[in-house]
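*Asks:* As a plain string of letters, each chain reads:
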Amino acid sequence: MKQPQSVLAKTISTPVILIALLVVIAILTALFGSGSFARTVTEIFIRVAFVVGLYIFIGNSGVISFGHAGFMCIGAYAAAWFTVPPMMKKVLLPGLPEIVSNAQLPFLGSLVLSSFLAALVALLVGLIMMRLAGIAASIATFAFLAVINTVYANWESVTAATSSVVGIPMVTGVWTSLFGASAAILIAYFYSISRWGLALRAARDEDIAASASGVDIYRQRLISFVISAFVCGMSGVLYAHYLGVVNPDAFYLGITFISLSMFVVGGMSSLSGAVLGVVIISAIIQILRWFEKGIDIGGLTLELPNGIQEIAIGVVMIVILVFRPAGLLGKREVLLKGWPFKRRTAD
Amino acid sequence: MTAVLQILFDALAVGSIYALGALGIALIFGVMRLVNFAHGDYIAFCVFAMLVPSTDVVAIVLIGKLPAILLIPIILLIGAVISVLSEMLVFRHLRNANPATMMICSFALGFVIQHVLLMFYSSRPKAINLWSNLSLPVEIFGARIPLLQLLTIIITFVILVALMWFLKRTRYGLEMRAAAEDFTMARMLGVRANRVIMTAFAVSGLLAASIGLILATQTGVADIRMGMPIMLVAFVATVIGGLGSLPGAVICGLLIGAASVLLQVFLPLDARPFRDAFLYSAVILCLLWRPDGIFAPRSAKQRV
Amino acid sequence: MSLLSVRDISVHYGQLAALRGVSISMDEGETLFVTGPNGAGKSTLLKAIAGAVRPSSGSISLADKVISGQPPEQTARLGFSMVPEGRHVFGSLTIEENLRLGTGIRADKDRIEGDLETVYEVFPMLAERKDGQAGVLSGGQQQMLVIGRALMAGPKLIAIDEPSLGLAPKVIDQVYDTLLKLRDSRGLTLLIVEQSSTRAMLTGGRMVLLRGGKIVLEGDARELANDESLRRAYFGFGEH
Ligand SMILES: Nc1ncnc2c1ncn2[C@@H]1O[C@H](COP(=O)(O)OP(=O)(O)OP(=O)(O)O)[C@@H](O)[C@H]1O
Ligand SMILES: [Mg+2]
Numbered sequence: 001m002k003q004p005q006s007v008l009a010k011t012i013s014t015p016v017i018l019i020a021l022l023v024v025i026a027i028l029t030a031l032f033g034s035g036s037f038a039r040t041v042t043e044i045f046i047r048v049a050f051v052v053g054l055y056i057f058i059g060n061s062g063v064i065s066f067g068h069a070g071f072m073c074i075g076a077y078a079a080a081w082f083t084v085p086p087m088m089k090k091v092l093l094p095g096l097p098e099i100v101s102n103a104q105l106p107f108l109g110s111l112v113l114s115s116f117l118a119a120l121v122a123l124l125v126g127l128i129m130m131r132l133a134g135i136a137a138s139i140a141t142f143a144f145l146a147v148i149n150t151v152y153a154n155w156e157s158v159t160a161a162t163s164s165v166v167g168i169p170m171v172t173g174v175w176t177s178l179f180g181a182s183a184a185i186l187i188a189y190f191y192s193i194s195r196w197g198l199a200l201r202a203a204r205d206e207d208i209a210a211s212a213s214g215v216d217i218y219r220q221r222l223i224s225f226v227i228s229a230f231v232c233g234m235s236g237v238l239y240a241h242y243l244g245v246v247n248p249d250a251f252y253l254g255i256t257f258i259s260l261s262m263f264v265v266g267g268m269s270s271l272s273g274a275v276l277g278v279v280i281i282s283a284i285i286q287i288l289r290w291f292e293k294g295i296d297i298g299g300l301t302l303e304l305p306n307g308i309q310e311i312a313i314g315v316v317m318i319v320i321l322v323f324r325p326a327g328l329l330g331k332r333e334v335l336l337k338g339w340p341f342k343r344r345t346a347d
Numbered sequence: 001m002t003a004v005l006q007i008l009f010d011a012l013a014v015g016s017i018y019a020l021g022a023l024g025i026a027l028i029f030g031v032m033r034l035v036n037f038a039h040g041d042y043i044a045f046c047v048f049a050m051l052v053p054s055t056d057v058v059a060i061v062l063i064g065k066l067p068a069i070l071l072i073p074i075i076l077l078i079g080a081v082i083s084v085l086s087e088m089l090v091f092r093h094l095r096n097a098n099p100a101t102m103m104i105c106s107f108a109l110g111f112v113i114q115h116v117l118l119m120f121y122s123s124r125p126k127a128i129n130l131w132s133n134l135s136l137p138v139e140i141f142g143a144r145i146p147l148l149q150l151l152t153i154i155i156t157f158v159i160l161v162a163l164m165w166f167l168k169r170t171r172y173g174l175e176m177r178a179a180a181e182d183f184t185m186a187r188m189l190g191v192r193a194n195r196v197i198m199t200a201f202a203v204s205g206l207l208a209a210s211i212g213l214i215l216a217t218q219t220g221v222a223d224i225r226m227g228m229p230i231m232l233v234a235f236v237a238t239v240i241g242g243l244g245s246l247p248g249a250v251i252c253g254l255l256i257g258a259a260s261v262l263l264q265v266f267l268p269l270d271a272r273p274f275r276d277a278f279l280y281s282a283v284i285l286c287l288l289w290r291p292d293g294i295f296a297p298r299s300a301k302q303r304v
Numbered sequence: 001m002s003l004l005s006v007r008d009i010s011v012h013y014g015q016l017a018a019l020r021g022v023s024i025s026m027d028e029g030e031t032l033f034v035t036g037p038n039g040a041g042k043s044t045l046l047k048a049i050a051g052a053v054r055p056s057s058g059s060i061s062l063a064d065k066v067i068s069g070q071p072p073e074q075t076a077r078l079g080f081s082m083v084p085e086g087r088h089v090f091g092s093l094t095i096e097e098n099l100r101l102g103t104g105i106r107a108d109k110d111r112i113e114g115d116l117e118t119v120y121e122v123f124p125m126l127a128e129r130k131d132g133q134a135g136v137l138s139g140g141q142q143q144m145l146v147i148g149r150a151l152m153a154g155p156k157l158i159a160i161d162e163p164s165l166g167l168a169p170k171v172i173d174q175v176y177d178t179l180l181k182l183r184d185s186r187g188l189t190l191l192i193v194e195q196s197s198t199r200a201m202l203t204g205g206r207m208v209l210l211r212g213g214k215i216v217l218e219g220d221a222r223e224l225a226n227d228e229s230l231r232r233a234y235f236g237f238g239e240h
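Protein chains in written order, with the numbering used here: chain A, 1 to 347; chain B, 1 to 304; chain C, 1 to 240.
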């Protein structure tokens, strides 16, 4: 096996480039962007964090998960529990335990604690579900999402059911979300070059060989599941502090599928693919939105009818996948050496 | 006694719809390892095809006014056509892609269909009145069952029998079953890949259209998202039935329908809103018990 | 013109070259044995002919029609029938359904029932359980089924990847008897992959030896099988 040291030296440029890209976007936004554009960029960064969380599990294990929006949900509601002013909580969420409803944590405290809660839940359900592989595991994660959604959408006294929980401090902006996305990228990167990440990818590519060589697939999957849940939970916290309100349906099928699509379009087995998938698809969406509002080109106003944006984005994704079934990046990562792209074999 | 009968009919009626959905998903999965997330949108598409494009709350029925004997075949045909078209335009170009890619494409396709409908009909659910006299109850052994519920069960049963006959007794059926199990080997024995896949899509589209008709009559509403929940349950049923097993898909569709009705009836009042949580927990347990599905064919290899 | 002609084909799996410029040609009614060590590319050669893998260069034609690049179902229609490595029984179908699956492409429909009889005679246990699920058969029984299935397609050319695998010696004899009978009565052409040369010695015909994706030796089966050069070439001693 290679020494982690040399892998680090060879691949560290990947997270650096990715984070640099996000930093450039943030700086440009701060310099030239309008308020609404800054909000869009914030949303994109939160999405980057979430999809990178997906990458940690799906990219390394090869198991498609439909369940990670559940962790986002857990993180977001936990953020609400920890940061909404106690006065409001006692009225809105009378079922919360005393110790929680009296607490009002600062943002960072809520971020860490809530993300840990998501990871803890992942550990508990993962102990059961990570025994499964392939599509059975995918369905189990979907079932998990359905359970989480049902619980959060109906547990009146703790989650306010389908009515939104309001009063969460709106502290997530471009820089906070940039911090979150960068943290996610670093966690994903260091995980994927760690012995755990290597072992899990080996298991993904060569099931029998890996288990013959002593890789405990169950354990490795579980580790990756928990870490990815932590990151997805974190993205949920950021989202809650961005919107100021949480609502269970924000964390159900819509976000699951859109995020998975961005992830697959970017390239399922690549961290760079996860980040670039989100950035590219979001950019296309944004451009289409501008066109829907009408754009002046040399005195000519080009205006697309409403609704075209969604149709177009669907078509664009299909076309990309038809021509690049493994996604835009496939298994490759952006690397400085051998610019612009170099194959990074995952062994 | 009559209460039991009532529950039984409820369970069968709900389960029937899931079974039809699961069958549609399983057929496609069998021949090309595709989990077709657009299936639910075919259902909605077929329902909206009966209406004049408008944003009003009350739907203006266009071909929906035709007598049933014309309307039903036309809607079935529309279902088959949109399903086959999506094969030709999208999935054919993805034959060698991995299952995740195909799945995401099917989702993207569903997304496109949804938003096309949205553009023409707006997102408001519309009241739609098809054969309203079908909601009148009939009395069976003292239980009052809506006629439509009875019809749903009968129609499902007829469709299942017809499909079984098709699969077991015709050359097409034999080729389809073989292709579902080992596609390359079937081709090496002369089975025409394109024909089999198109047939599977056509049949799957027919099933989606029948679900659309039943749902529209039952609920009296046309909603762009009406197919989604059915599709999801059907997907789950297909997997716990054993991917590649059509009878498994049908039985598990029925089982899930029955389980949801039974939970609804027997859960304590406080727990009732959480019904789906119980249902999906049961799904997870079921997967742990039999990861390859309850009725997985012996030679089934997991390729996803 | 020969029935099958493989001209200078190469097959790649990713970077790995499994076949490197292989040519063979077969006349109708001929028997050709392909032998060679593990990983030599024998199965790949059959798959390339069947159309299950695409050659990266070269061409293949069957009955004067180019089949390389054509889908497998097209090749099957020209009279090519194959027993691939790894059996590939349709487990959820019945035994008889397995046997009948390949008959859809036959022009001589009137011969189907007779051929079914023949298969059942050679493998009586298939007849006994003809309505049972094929998935429950033992390994050797599955091997009988797939050989029977390939014959039921009424081929001009049958390609069998290691017919002896998992079969009792007596059954192997029966299989070969049947194949040779069909060769003599109908002009069936036999393309057979075998690891050992003993069978080739008994049966006669031509033989090619593949190693490292290339044909390293070619000639009369009986002569080669007795020849020291075969063993040398097999293990690669003779190379410079
Ligand atoms: N699907 C595949 N993907 C990648 N490599 C393959 C594949 N199939 C075969 N190979 C490689 O191609 C080479 C030739 O394989 P092939 O199966 O043709 O050998 P063979 O002569 O039939 O061997 P055996 O006697 O063991 O059956 C081997 O090195 C094998 O590893
Ligand atoms: Mg072989």
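Incorrect hints may have been included.
Each pair of labels, with its calculated beta carbon distance range [said to hold, decoys possible]:
1) Ile140/B with Asp131/C: 30 to 40 Å
2) Val221/B with Ser163/A: 20 to 30 Å
3) Leu120/A with Leu77/B: 30 to 40 Å
4) Gly33/A with Ala68/B: 34 to 44 Å
5) Val52/B with Asp131/C: 22 to 32 Å
I should point out that these hints are in silico values taken from the structure, not numbers from a laboratory. Ideal placement from N, C-alpha and C gives every residue a C-beta, glycine not left out.
*Asks:* Which numbered conditions among the earlier hints are violated in the structure presented, ordered from lowest to highest?
*Replies:* 3, 4, 5
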